[in-house]
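Enquirer: The task is simple: from the sequences and hints, build the whole structure.
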Amino acid sequence: MDILNKISEHLQLGDDEKVRIFTKEAIKAKISPKEILNNGLIFGMDIIGKKYKAHEIFLPDVLLAAKAMYAGMDLLRPMFIKGGIPTIGKVVIGTVQGDLHDIGKNLVGIMLKGAGFEVIDLGNDVSPSEFIEIAKKEDASVIGMSALLTTTMPFMKIVIDLLKEERLIGKIKTIIGGAPVTEEFAREIGADAFGYDSINAIEKVKGLTGMT
Amino acid sequence: MKMKIIREIVEIRISDIKLEKANVFKNQDIPLNREHSLKVETLFTEAMELFIEFSHPKGLVSEIPIPEFEVVYFGEGLNEKKTPLDEIFKKADYLALFAVTIGEKLSQKIGELFELDEFALGSMLDAVASEGTEKVADIVENRFSELLAKSDEITSSTGILRYCPGYCGWHMSGQKKLFEFLHPEDIGVTLLDSYLMKPLKSISGVIVIGEKEIHNFIDSYAFCSQCKTHFCRDRISELFRE
Ligand code: B1M
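Quick mapping for you: the protein sequence lines, in order, are chains W and L.
Each residue of the first sequence is one higher than the one before, counting from 1 in my numbering.
Each residue of the second sequence is one higher than the one before, counting from 1 in my numbering.
Because the hints were derived from the structure by calculation, they are not lab data.
We put the CB at the ideal spot given by N, CA and C, even for glycine.
Any given hint could be a false lead.
Unchecked claim - Cβ-Cβ distance ranges computed for the label pairs, FRET-style:
no., chain 1, residue 1, chain 2, residue 2, range
1, L, D16, W, K34, 53 to 59 Å
2, W, H55, L, D186, 40 to 46 Å
3, L, L192, W, E183, 47 to 53 Å
Stated by the list, open to error - Listed next, the in silico DSS-like pairs over lysine-lysine satisfying Cα-Cα at most 30 Å (straight line):
no., chain 1, residue 1, chain 2, residue 2
4, W, K157, L, K39
5, L, K39, W, K18
6, W, K90, W, K157
7, W, K30, W, K90
8, L, K81, L, K198
9, W, K206, L, K228
Expert: Below, the structure written as structure tokens:
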């Protein structure tokens, strides 16, 4: 088995120690960091996503794999010029104002990173203006909002209305999710996408950024 | 007939909280009939240990007369027009408001685990904490029925169930009046403007005690079609199994 396969296999087993060892080995063997990232780490994570979607593995397995992926990425990061991992897009993500539920949002962020996106996580209780300001400052292409209560969902619309006011609709796309959020609500408030779980969110964000 | 209105801060020992692994796994999307890895079992064990170390369970229960509950239930006037609870509470023998929490430390610990890239353990601990909070509510519910049983208020046909704002047409904003009456601040639980309670792992609601039959309703209310869980079915059938 070649080194990149070993990285992918051990990532799928959630073995962060082994992923670290084989990533170091790959670096030593002068495999380019981009190749290690794409054909080892992201490749493995992609298989994990497919297995999870097919109910062959469960959430904890996915999260152990994500930790292993991050272990490999930590070793690669200093090797990229300007110190940044190449990404397929930048997403600003957060739980909306008044809401402190962040597990679902965390899972979406972890999976987006695993798929190769750069994720700027603003945490929870994020005000509409903070979403916009940071997305502008970071030149992000997507804002992702999570809400677990019907009483906090209206803040999602405020963010979208602000984007309209600033004529940023189309330039910055939006995706929303969370237990009480529905596809219909997303349509109603003018969000570009609705994600019902973390895997679905990746597919939708890939769609928004022209990756599919 | 009992005379005094009951209000009690319920002391809860962590050893009294009997978590159901099946519920934790359900939250983690792990089907019960499927085999899972040893790693998953290890995560569950570790999460249980952290739960014991970091949770600070507390409960508060306070009896409320039906006319006063009517005011609490009406809340900010945002409930659905027809709800099961609206019909149920008027037929109750006793009502008690309650609030429970397992404290802020556990949520902080979950946050720390995510910061350290320990996602799987953090997520498992979150599920354990949610299940733990439900079990603390069970303990408070049992405590209230014990208090009533002392004065022979409970019979074999009595049914006890709790109902919470945010479920079955009782709007989340109902928590405002509930807090004004109950004062969950006494156990460290506060309500934000968004009607979210702090600490996150908290539950508030009303315990309804009456004939079992009063709890029996059909899930055909206008809002039932949007409900993703239909937990009411399990709750009602469990009540009649007892
Ligand atoms: C950016 O793009 C995206 C894309 C996808 C995105 C996304 C963003 N964000 C999320 N997603 C999606 O992907 C994620 C990964 O798959 C998912 O994220 P989630 O966050 O949904 O999923 C988590 C990983 C796991 N899911 C969860 O942890 C939530 C599960 C349910 C059952 C739930 C639980 C467990 C709990 N709760 Co409560 N709880 C419910 C939930 C009902 C449900 N079936 O979802 C919900 C959220 N709760 C509700 C309520 C009412 C309440 N809860 C309360 C309490 C609790 C527990 C403590 C028992 C517990 C812990 C809560 C917590 N999260 O810490 C109370 C409030 C607590 C508080 N602090 O204020 C209380 C108010 C009840 C009360 N009166 O006490 C309801 C809100 C209804 C409403 N009207 O808004 C509720 C929908 C249940 C219901 N009625 O069906 C997807 O939604």
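Enquirer: Taking the hints in turn, state whether each one holds.
Expert: Here is what the structure says about each hint:
no.: 1; hint: L:D16 x W:K34: 53 to 59 Å; result: holds (55 Å)
no.: 2; hint: W:H55 x L:D186: 40 to 46 Å; result: holds (45 Å)
no.: 3; hint: L:L192 x W:E183: 47 to 53 Å; result: violated (28 Å)
no.: 4; hint: W:K157 x L:K39; result: violated (41 Å)
no.: 5; hint: L:K39 x W:K18; result: holds (16 Å)
no.: 6; hint: W:K90 x W:K157; result: holds (21 Å)
no.: 7; hint: W:K30 x W:K90; result: holds (28 Å)
no.: 8; hint: L:K81 x L:K198; result: holds (29 Å)
no.: 9; hint: W:K206 x L:K228; result: holds (27 Å)
Hint check: violations occur at hints 3, 4; the rest are consistent with the structure.
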